[in-house]
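Colleague: Here's the letter readout for the chains.
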Amino acid sequence: MKYQLEIQNITKSYGDLKANDDISLSIKPASIHALLGENGAGKSTLVKVIYGSLQADSGQMQWCGEGYSPKSPFEAREQGIAMVFQHFSLFESLTVAENIILGLDDIGLDTDFTEQIIKYSKQYGLDINPQQVVGDLSVGARQRVEIIRCLMQNPKLLIMDEPTSVLTPQEVTDLFITLRKLAEDGCAILYISHKLEEVRQLCSEATILRGGQLVQNCNPQDHNKQELAEMMIGKKLVQLARSNITTGQDIFSINNLSRKSEDMFGVDLHDISLTIKQGSIVGIAGVAGNGQDELMELLIGEVEAPADSLIFKGEDVGRLNPHQRRQLSMFFIPEERLGHGAVPDMGLHENMLLSRPQKSEMTNYGVINWQNVEKLTQQVIDDFKVQTQSSKMLAKSLSGGNLQKFMVGRELIQNPELLIVSQPTWGVDAGSENNIHQSLIALADQGSAILIISQDLDEILTLCEQVHVLSEGSLSAAVDMEDNGLEKISNLMVGSEKQ
Amino acid sequence: MNEGLIIAIIIGISIASVPLIFAAIGELLVERSGVLNLGVEGMMIVGALAGFVIEFHTGSSFLAVLAALLAGMAIASIFAFLTQILLTNQVATGLALTLFGLGIAAFIGRGYSEENIQLISAIHIPLLSDFPIVGPLLFSYNPLVYLAFFMVFLVWWFLFKTKQGLTLRAIGDNHDAAHAIGHNVIRYRVLAILFGGAMAGIGGAFLSLVQVPIWGEDMTAGRGWIAIGLVVFSSWQPFKVILGALIFGGITILQLHAQGFDVRISAQYLSMLPYLATIVILVSLRMRDKNKTNRTMPNCLGRIFHSTS
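Chains as they are written, first to last, in our numbering: chain X, 1 to 499; chain W, 1 to 309.
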């Protein structure tokens, strides 16, 4: 049988680190092939070799039975290989249409393109407006742009790096319809994901990597989720459940919070109210772009809130800046890791210091105690299993999942009384997700309150005992989960989209 | 004021703005590609000298302008090599380029400061140029004046109507993403820098060939810096460069005429006006846009690109 793409004994090293060690896999034409592995397992490196951004040290590839060794992404695209990147390769100051044109080699500006984009976006249920500037789009919408950009190249092999991590359940269902349709039309798909349930639904083959080495080529439908996860991380997973929830007094409340967005594509917030008790985990579900960013800015203190709309431990915190709020033991993990959550060009230890409240063991009358900083950074790295060569590595050099682990750890180590976190496990693999969820539960069990804003419904359902839905800037009342909770949440989430 | 004087003022304003338009439109393209070249002043003065010297020796205006263009590019190529190949800091390199250009022009130009050349003459189109008011206002300029306005149009057309222009803007916005898609970031930037040098060179030559027929080592008088300011003023939009240049040119001319009208303010203060106005305009622009995120500024402006990462 002739394979679409055959990879034989690919090895690629960075200095002493073997990112890919003798990896072989074969992708059948028109199949959906999963590439599974934790962060740092070597998935990205392998994919870059296939896409021509990197060249392997040794090993060969065959494309449609013929030798294939791309020197650049142009060559890969010429052969019919398209890729959706994990770290978006979008241009923020350009419009959606311009971004898409840039990824297509043989299309000039004179072609009237907008209609084609709309056609594809309708056909595949990927809702975007071609004239919008990408900088104004939510993470979810940006990913839709990336996906459409690839689909418009009519590829023979589509590589998708964590495509569903920010999509709603409905969008995921739609995307799977798209992908199955594409596969039927003869396009093979290499699907990189850590969402094992999805892989089991979608893929007929799977290649599992761990630590740069091939663990197994198998059919994911022959294994259950637990088995796949354990193959991937090489050890047993901890089952998650909050057993005895003991909640205390109200600690934080949002009272009739409204905000008119200054951004023309922003979302206005209408009359949002919410109360969180000590020891409880509250979730805000909803599709991205329904006011999450605007709400998060108010909660963090990047934008001032009206008087008496944010009350923490009986104090009006609406006018306090983020630093002052941290002093009161409110901590935050924003969605955007690089630039918002961490300074990309600074080391982990420096980032550790930056989010500290003034009175901490890291400074002494304003003079930095680097020894303590190092010690605490190392503690976070160890406790949260952040894979990094040292505590001085630049934040931007870490993979998304690793940096997320670090940022969660950095806040948790402070034992916050209230933690507000947006998309805690976006782009994070199964093992790390499990770790992060465990630590959040442990924090709540100690009596801290947690507010989670997430698009990942599974995550919300696993962790939260009180769930609200944010839709078009309005927050629903807490959903009663006893009686058809999931259905109610889904209706609240999509309700806005049908208007 | 009579009609003739008003026409003279308008023509004066247009001519005063031309060197700025050239230099600023070149720098605009450079900055759109994500490179900050602060060497505009240096490239202008070298262009001014090259134009003057060739005009003096050959008497050919065409060769003179061509020489200015090539001289500007030559200086720019030093900047391109240092910042794009050797990855030096763009701000420091640009400042050094300005100092280098001013120095070398003063050195080579020593023997020419006493000399005179023939100014490039204005065009004369039969009928059109003879038309009252409209004729002198629109159809009786030096060819370089038309070229300046045409270059603005050309840069706009390139940036917003061609795929290469889109790619250049994309590189200025996010060079890593452009590289990931497979575009040659360094080639685009080097070409943009050379274009910027050519434009600054012609802008400089306009001073020595059209405005004043003599060579003086300080003849650019900070216009390169004003041009860089104009790029910011224009929010990186080509046509707004014309507006900014006309405002600056207008104040320069008014200041001259004010001296002619015996306004009792000492000349030094009046000479400061254009520069003061530039600062006031830049600040007020920022005040107005303070609350908006500035999306027009290229995200990668001044950032070094490592192709290996």
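If you are wondering where the hints come from, they were derived from the structure by calculation, not from laboratory data. Virtual Cβ for every residue (Gly too), placed ideally from N, Cα, C. You may find that some hints are simply not true.
Said to hold, decoys possible - Only some residues are given here: those of chain W computed to face chain X with a beta carbon under 8 angstroms:
1) THR167
2) ARG169
3) ALA177
4) ILE186
5) ASN299
6) GLY302
Stated by the list, open to error - Okay, derived cross-link-like pairs now, BS3-like style, lysine-lysine, Cα gap no bigger than 27 angstroms in a straight line:
7) X:LYS71 <-> X:LYS18
8) X:LYS18 <-> X:LYS385
9) X:LYS28 <-> X:LYS225
10) X:LYS385 <-> X:LYS236
11) W:LYS163 <-> X:LYS119
12) X:LYS156 <-> X:LYS119
13) X:LYS225 <-> X:LYS236
14) X:LYS2 <-> X:LYS156
15) W:LYS240 <-> X:LYS119
16) X:LYS2 <-> X:LYS181
17) X:LYS71 <-> W:LYS163
18) W:LYS163 <-> X:LYS156
19) X:LYS225 <-> X:LYS181
20) X:LYS71 <-> X:LYS156
21) W:LYS163 <-> X:LYS122
Colleague: For every hint, state whether the structure bears it out.
Modeller: Hints versus structure:
At its closest, the beta carbon of THR167 (chain W) sits 6 angstroms from a beta carbon of chain X; the interface hint therefore holds under the 8 angstroms criterion. A least Cβ separation of about 7 angstroms between ARG169 (chain W) and chain X falls short of the 8 angstroms threshold, and the interface hint therefore holds. Annotation: interface hint on ALA177 (chain W) holds; nearest CB of chain X at approximately 4 angstroms, less than 8 angstroms. The interface hint given for ILE186 (chain W) is violated, since its Cβ lies 14 angstroms from the closest Cβ of chain X, which is over the 8 angstroms cut-off.
Below 8 angstroms, beta-carbon pairs count as interface contacts, and ASN299 (chain W) has one with chain X at about 7 angstroms; its hint therefore holds. The beta carbon of GLY302 (chain W) comes no nearer than 14 angstroms to any beta carbon in chain X, farther than 8 angstroms, and the hint placing it at the interface is violated. For the hint linking LYS71 (chain X) to LYS18 (chain X), the alpha-carbon distance of about 21 angstroms falls within 27 angstroms, and the restraint holds. With a C-alpha separation of about 20 angstroms, the suggested pair LYS18 (chain X) and LYS385 (chain X) falls inside the 27 angstroms cut-off, and the hint holds.
As the CA atoms of LYS28 (chain X) and LYS225 (chain X) are separated by approximately 23 angstroms, the hinted pair is consistent with the 27 angstroms bound. As the CA atoms of LYS385 (chain X) and LYS236 (chain X) are separated by approximately 15 angstroms, the hinted pair is consistent with the 27 angstroms bound. For the suggested pair LYS163 (chain W) and LYS119 (chain X), the alpha carbons sit about 22 angstroms apart, so the restraint of at most 27 angstroms is met. Proposed proximity of LYS156 (chain X) and LYS119 (chain X) is supported: the alpha carbons are some 20 angstroms apart, at most 27 angstroms.
At most 27 angstroms may separate the alpha-carbon atoms for a hinted pair to count; LYS225 (chain X) and LYS236 (chain X) meet this at roughly 12 angstroms. Straight-line distance between C-alpha atoms of LYS2 (chain X) and LYS156 (chain X) comes to about 14 angstroms, which keeps the hinted pair within the 27 angstroms bound. Between the alpha carbons of LYS240 (chain W) and LYS119 (chain X) the distance comes to roughly 36 angstroms, so the proposed pair goes past 27 angstroms and is violated. Of the pairs offered as hints, the one joining LYS2 (chain X) and LYS181 (chain X) holds, with about 21 angstroms between alpha carbons and a cut-off of 27 angstroms not exceeded.
At most 27 angstroms may separate the alpha-carbon atoms for a hinted pair to count; LYS71 (chain X) and LYS163 (chain W) meet this at roughly 23 angstroms. Between LYS163 (chain W) and LYS156 (chain X), the direct Cα distance comes to roughly 25 angstroms. Compliance with the 27 angstroms bound is thereby established for this hinted pair. Straight-line distance between C-alpha atoms of LYS225 (chain X) and LYS181 (chain X) comes to about 25 angstroms, which keeps the hinted pair within the 27 angstroms bound. Between LYS71 (chain X) and LYS156 (chain X) the CA atoms are separated by roughly 19 angstroms; this keeps the pair inside 27 angstroms, and the hint holds.
For the suggested pair LYS163 (chain W) and LYS122 (chain X), the alpha carbons sit about 26 angstroms apart, so the restraint of at most 27 angstroms is met.
Violation of the numbered hints given earlier is confined to hints 4, 6 and 15; the remaining hints are satisfied by the structure.
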